[in-house]
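Protein chains: 2
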Amino acid sequence: MTPVAIDDPADPRLAPYAAMRERDLVGRQGRFIVEGEVTLRLMASQRARFRTESVLLAPERWPGLADVLDALDAPVYLAGKTVMSAVAGFPIHRGVLAVGLTGDAPEPAALVPPPPAPALVLGLAGLTNHDNVGACFRNAAAFGADAVLLDAASCDPLYRKAIRVSAGAALITPFGRLPAGADWLAIAEALALEPLALSPSGHETLDAAPPPARALLLLGTEGPGLPAGLMARARTLRIAMAPGFDSLNVATAGALALHRLAGATGRLAPSLASSPAPSPAAGPDRRGEC
Amino acid sequence: MTPVAIDDPADPRLAPYAAMRERDLVGRQGRFIVEGEVTLRLMASQRARFRTESVLLAPERWPGLADVLDALDAPVYLAGKTVMSAVAGFPIHRGVLAVGLTGDAPEPAALVPPPPAPALVLGLAGLTNHDNVGACFRNAAAFGADAVLLDAASCDPLYRKAIRVSAGAALITPFGRLPAGADWLAIAEALALEPLALSPSGHETLDAAPPPARALLLLGTEGPGLPAGLMARARTLRIAMAPGFDSLNVATAGALALHRLAGATGRLAPSLASSPAPSPAAGPDRRGEC
Chain V
1 MTPVAIDDPA
11 DPRLAPYAAM
21 RERDLVGRQG
31 RFIVEGEVTL
41 RLMASQRARF
51 RTESVLLAPE
61 RWPGLADVLD
71 ALDAPVYLAG
81 KTVMSAVAGF
91 PIHRGVLAVG
101 LTGDAPEPAA
111 LVPPPPAPAL
121 VLGLAGLTNH
131 DNVGACFRNA
141 AAFGADAVLL
151 DAASCDPLYR
161 KAIRVSAGAA
171 LITPFGRLPA
181 GADWLAIAEA
191 LALEPLALSP
201 SGHETLDAAP
211 PPARALLLLG
221 TEGPGLPAGL
231 MARARTLRIA
241 MAPGFDSLNV
251 ATAGALALHR
261 LAGATGRLAP
271 SLASSPAPSP
281 AAGPDRRGEC
Chain A
1 MTPVAIDDPA
11 DPRLAPYAAM
21 RERDLVGRQG
31 RFIVEGEVTL
41 RLMASQRARF
51 RTESVLLAPE
61 RWPGLADVLD
71 ALDAPVYLAG
81 KTVMSAVAGF
91 PIHRGVLAVG
101 LTGDAPEPAA
111 LVPPPPAPAL
121 VLGLAGLTNH
131 DNVGACFRNA
141 AAFGADAVLL
151 DAASCDPLYR
161 KAIRVSAGAA
171 LITPFGRLPA
181 GADWLAIAEA
191 LALEPLALSP
201 SGHETLDAAP
211 PPARALLLLG
221 TEGPGLPAGL
231 MARARTLRIA
241 MAPGFDSLNV
251 ATAGALALHR
261 LAGATGRLAP
271 SLASSPAPSP
281 AAGPDRRGEC
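Protein chains in written order, with UniProt numbering: chain V, 1 to 290; chain A, 1 to 290.
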């Protein structure tokens, strides 16, 4: 794909990149923004679940990414960081942006391996914080969950900040949305998954509970937690903590449970991974923040 | 303590609350800011490691906090949220602020139980992100670590955002600073702790490694990780992950390791905690962020 240089911030081909923060708030009608090299490389990989509509690079970033761009089959625009920043409405330090297309949302049933295969599905109930949703996706990918299901109240995993916090996991981990008012336990039954509600008031400790081969791990928002009606009808787990400070971030608690469930069902690599970890924290604009 | 109403933002008694964000950047010379009811209650508890210099409340918050204020033995100033916001330089929604005094930094040796008692100490090497430092403290408290040690490059746990992300754990978990250039392994030896370096390239998986009774768990920053020289000389652990996405947030990885080490050394409550989890996410200004 031969890149096209653009130096007019008002060029209509750059419209999907315009006023980025304002657009975050009102939604993008089927599009989302990808930032940085790590996530662009994931979009270009076989594992990406979404098509890339276009790529916008600072010219100096192009040579190092040429291999990636060939795989993307999308137009590549080159614009200096000053133009990129003028379009976006704030400084674009890394000079790597892309627009993805959400496509049609899959049905939850299409994402979960049918029985009797093992299955590990993460269910997010009322997670209204983008950092937490992004972190849950990162953990789901790290521990090999098959899919993430989100209720209608939870944040969009393709929101810019959620993708970033997920280290790109939101682009490769299958996820689906439940309609408003959907009943998690009915969904678990329909998918032949055992619902496990994780809560500080759970009845079994995580380590004591025998992990099921097909699990739907349910996380609720910090503070209010999972609805009482759900807790009353599900198998409930808690994480053993020190006396006097039983407070964990919801994504961290989820990571502990996913690690346990994934380990018990043989999802974790026994040997060292060969590739270094993709990490948004390694980017030049996330260092030295003290 | 009878509260004192103040309606002049320039009143010198409010000076420690002035220009809060700018002051975050340049430091506070022995003071730090506490925000919100959960953290103020921790400051008033027996577990707080720091003295409170003063409290600044919106008048409507005073009745609900009167019990806490009696325990604090510090002057209480009342000012409307408009005045509070004018002093701080940004909107103060919750109307609950306090200034703490850092006091003298303790020596690391004073924070670690002497042998042969079990000990669990978290070591943060080059953690230059306040969210990660705060999250590490929250996890250290949740899993009953005795202390946190930070190298000279790591962020200040009493930075405003770090306290908030820690859910107040930075106010109650003993911590100490190492001088620049300090050698973690020499410190571990001096304190009779076994150093465990957590890294994606660690030689033993967390679950396979027999946990020592006295551990110094070392976390490095995401991306660069722990220094190669340290990794070569320490016992190294990794967390088993799914093939193809070996990427975990550093605080999340630390939580998994702390949970394992704490569980093996009997630090975790076998039964349900009686009190609900303190959670900054439950505050009114952290909800509905989608």
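The set of hints was computed from the structure by calculation and includes no laboratory data. Computed from a predicted structure; not experimentally measured. Errors might be hidden in some of the hints.
Stated by the list, open to error - Listed below are several chain V residues computed to face chain A (Cβ distance under 8 Å; list not exhaustive):
| no. | residue |
| --- | --- |
| 1 | A135 |
| 2 | N139 |
| 3 | S247 |
| 4 | N249 |
| 5 | T252 |
| 6 | L256 |
| 7 | L268 |
All C-beta atoms in this analysis are idealised placements derived from N, C-alpha and C, irrespective of residue type, glycine included.
Against the structure, the hints come out as follows:
no.: 1; hint: A135; result: 6 Å, holds
no.: 2; hint: N139; result: 7 Å, holds
no.: 3; hint: S247; result: 4 Å, holds
no.: 4; hint: N249; result: 6 Å, holds
no.: 5; hint: T252; result: 5 Å, holds
no.: 6; hint: L256; result: 6 Å, holds
no.: 7; hint: L268; result: 4 Å, holds
The structure shown violates none of the earlier numbered hints.
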